[in-house]
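**Student:** So the sequences go chain by chain: H and C.
If you read the first sequence in my numbering, its first letter stands for residue 1, the second for the next number, and so on.
If you read the second sequence in my numbering, its first letter stands for residue 1, the second for the next number, and so on.
What the hints contain is simulated information worked out from the structure, not anything from laboratory work.
The hints are all genuine.
Cut-off 30 Å, straight-line C-alpha distance, at most; resulting in silico cross-link-like pairs (DSSO-like, lysine-lysine):
1. 245(C) to 116(H)
2. 284(H) to 3(H)
3. 34(C) to 14(C)
4. 10(H) to 39(H)
5. 145(H) to 261(C)
6. 145(H) to 245(C)
7. 321(H) to 287(H)
8. 181(C) to 261(C)
9. 181(C) to 116(H)
10. 245(C) to 10(H)
11. 245(C) to 335(C)
12. 149(H) to 245(C)
13. 116(H) to 261(C)
14. 149(H) to 217(H)
15. 284(H) to 321(H)
16. 261(C) to 245(C)
17. 217(H) to 3(H)
18. 3(H) to 324(H)
19. 3(H) to 321(H)
20. 291(H) to 321(H)
21. 149(H) to 261(C)
22. 324(H) to 291(H)
23. 284(H) to 217(H)
24. 217(H) to 116(H)
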Amino acid sequence: MSKTVKVSIKGLYKIFGDDSHAMLEHVKAGMGKPELLEKYGHVVGLQNIDIDINAGEITVIMGLSGSGKSTLIRHLNRLIEPTAGEIIVDGENVMAYDEAQLQSLRQNRMSMVFQKFALFPHRTVLENSGMARRVRGEDEASANKEGQKWLERVGLEGYEGHYPSQLSGGMQQRVGIARALASDSDIMLMDEAFSALDPLIRTDMQDLLLELQRELKKTVVFITHDLDESLKLADHLVILKDGAIIQQGEPQEILLHPNDPYIIDFISDINRARVLRVRSVMEKTTKAGSKITGEVDFDANLESVIAMSGGDTSKNYRVMKDGKQIGLLHMQELVRALVPTDAAEDGIRAGGTG
Amino acid sequence: MAMYDGLFSVFGLKEWCDSNTTTGPMTMAELLAKSAGKADGAEVVTPFLETPFPSLDTLNKSCSAFPRTRDMTAWVEDGFLGIKDGLKYVLDPLTQPLSWALDGSLIFFEAIPWFVLIPALMAITYYTSRSISVMLLVMFSFLFMAFIDHYDRAIQTLSIIFVCTFICVLLGVPIGIAMSKNDRLQRITIPILDMLQTLPTFVYLIPLIFLFSVTESKLYGIAIILYAIVPVVRLTDLGIRLVDKDVIEAADAFGMTSRQKLLGVQIPLALPNIMAGVNQTIMMSLAMVVIASLVSAPGLGVLVLRGIRSLELGVGLVSGFCIVLLAVLLDRATKAALSRLNNTVEQ
Chain H
1 MSKTVKVSIK GLYKIFGDDS HAMLEHVKAG MGKPELLEKY GHVVGLQNID
51 IDINAGEITV IMGLSGSGKS TLIRHLNRLI EPTAGEIIVD GENVMAYDEA
101 QLQSLRQNRM SMVFQKFALF PHRTVLENSG MARRVRGEDE ASANKEGQKW
151 LERVGLEGYE GHYPSQLSGG MQQRVGIARA LASDSDIMLM DEAFSALDPL
201 IRTDMQDLLL ELQRELKKTV VFITHDLDES LKLADHLVIL KDGAIIQQGE
251 PQEILLHPND PYIIDFISDI NRARVLRVRS VMEKTTKAGS KITGEVDFDA
301 NLESVIAMSG GDTSKNYRVM KDGKQIGLLH MQELVRALVP TDAAEDGIRA
351 GGTG
Chain C
1 MAMYDGLFSV FGLKEWCDSN TTTGPMTMAE LLAKSAGKAD GAEVVTPFLE
51 TPFPSLDTLN KSCSAFPRTR DMTAWVEDGF LGIKDGLKYV LDPLTQPLSW
101 ALDGSLIFFE AIPWFVLIPA LMAITYYTSR SISVMLLVMF SFLFMAFIDH
151 YDRAIQTLSI IFVCTFICVL LGVPIGIAMS KNDRLQRITI PILDMLQTLP
201 TFVYLIPLIF LFSVTESKLY GIAIILYAIV PVVRLTDLGI RLVDKDVIEA
251 ADAFGMTSRQ KLLGVQIPLA LPNIMAGVNQ TIMMSLAMVV IASLVSAPGL
301 GVLVLRGIRS LELGVGLVSG FCIVLLAVLL DRATKAALSR LNNTVEQ
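Could you build the full structure based on these sequences and the hints that come with them?
**Tutor:** Below, the structure written as C-alpha cells:
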C-alpha cells in the first residue's frame, strides 16, 4: 500500500504573547515552557512540530489538556497563525495563501468537526448539514440534497426540520459530522469531536467514524485526550506533551516500544490484550512451523486469540493474511507482550520535552 | 478692600490689575450692598471662618482685571454663536430630511381615518407579537383615548416615535456593528454614549434651539434621536460580541466571508439583544417626546405642558395617563415580539 502525504507540517512553532517572534530564538535555543513563562511572560503553544499526514488515514493527535493539540489542529486551516513553520497541503504552502485562497481552502478542501458541536442554533438540522455547500454559493436545492443525503448516512433521517437544541448531544454531533461530510472535502479535522459525549454514545460514534472511513477514505486528523479512543481510531498516532511531540508512529509500535516515561505512564492502564494485534507480536516468517494448532487472522486482537487457545501458552498459530501465511504466533510471545514494557533504551525523544 | 488684595500686592500685580480694569455693569449683589449703606471700598473685616473661595467673582473684587463668572459664560455663548453659522451651514441640509420625515409622517397618520388606523395598528401588533391579549390591549387603549378625545394627540406622539425609532435603528445598528468589530472604536464611543445618556434632557435642547428654528420639526427630532439611540447602539454591540465563539469559529472554519458571517450568523444570533435595544429606544423616545413639547413637538406632551403651565391639573393628569397607556402598549407589543424571536432562535 503506497502512502501519499496529504498534509505536511514542518518546523511549526507557536508562542503566545506580544513579542512572539523575539521569543522564538529562546525556544529554539532550548528554553523550556516554564522558564519562558517565568522570564518573559510568553507561553509556548507548540514547538518544533513535524508531522506527515497520509492521505486516506486517520491521524490521531493525542495529549492531555494544555498539550497544544487543539492549537495544532487550528493551524492546519489557519484559524490560528503560527509563529514559525510551514503547513503544506497537497504540495502547496498554506502559509503563503492570501485571504481568498484561504477561504477557498476552508470551503472546499478542509472541513471541521468541533468538540462543542458549534452548530448554528438558528438554523434547522437540514440547513446546518448543507451549510458548507451554501457558503460556497451553491443553490438551495443542491445544498439541501447533499445535506439530506449525509443526514441519512449518519442516521438522522426524520430530524431535518428540528433545531439543534432539540437534539441530544450525540445527535448534534452526528449533524456536525454530516455538515463536515457534506462539504465533500478530502481533509476532515476533528477537534475532540467525541469528548463531550457519554461513553456508550462515544463508542457508537467511533464505530460510525470507522465505518464511514472504510467507505470514504478521507484524510482525518483527529484530536483526543483519550488513549483508548486514539488506539481504536489511529492509523498514525502522535503524542503531544507541553507543545512538543514525544513520539509518533503506528499505535502498536508505540505500545510495544514506548520511548518516554511519560508514555509508559500513559499506557500502563490500558487493556493491552484488546488493543494489541496478532501482527504486532508474531514472528514474521513464511516457514511452516512445528506444532501448529490452527490459524488466526493477522489483524485479530490478542484477547480473541487467548480465548481461542483456552489459555494454553504452549500453542502456536499460523498467522494468515488474505489466505496466505505471513507469520507464526507463539502463545508464549503473546503472553510476554501483555506485560507493560519499559521505555526502549534506544528510544530517541522527538523534540525537547518540557 | 476685599479679601485677596494682599495676594495681588505680593506678586506685584497691583499695577496690572488697575490698568486692565474691566468695568461692567454693577451686579445685583453690589447694588444691594450699596443701597444697604455700605459704601464701596469701606473696610469690612471678614471673619476667618467666612473666608470666601478664591473664585472668579471674589478675585474680581480685589483685582478688576480678573474676569467675572458672567464674563466667562458670555464667552462660551460668543464662542458657540461664532461657530453657529458654520455648523448650521453643514447641519441644516444634512438634517433637513428629518424634518420632512417627521412632518410627512404626521400628515400621513392624521390623514388616515380612525376606523382604518385602529384596526391597522391591531393587525400590525398581532403580526409581530402573535398575541391576542396584546392586540386587545392596543384596541382598548386606542378606543379609550379616542373616547376621551385624546386620539389625535396620541397618534401624533406615536408618529414621532415611529420616525425617531426608525432612524435610531437605521443609524444605531450599523454603529453598534462597527463597535463590535473594532475595540478602539468601542473605547471611543462608549464615553459618548454615557454622556448622551446622562446629560439632562433639557440640556440637549439648549444648543439645538440656537442652531435651528423652534418652528422646525427636526429640532425635537434630533433631541429625541440623540437621547434614544443609546440603547440600540449598546445592545447591538453587546449582542454581536456575545455570539458564541464556537459558532463563529465554525463559520470561519467553513470559509464564510465576513459578510456571510455578519448577515448569516452574527446578526441573527444577536437579534434578541438588538430587539431589546429597540424596545428601550422606543421607551426612551417616548420619554423624550414629552419634554420635546417644550420646543413645539406636537402630541400628548403639549397637554402635559399645558397642565404645568396653567395649572390645569386634570388636563395634565389625564394626558399623563394616556402617555403611560401608550408606553405600556408599546412595551408589551415589542416585548411579545421579542419573546417570539427568542423562541425561534433558542429552539
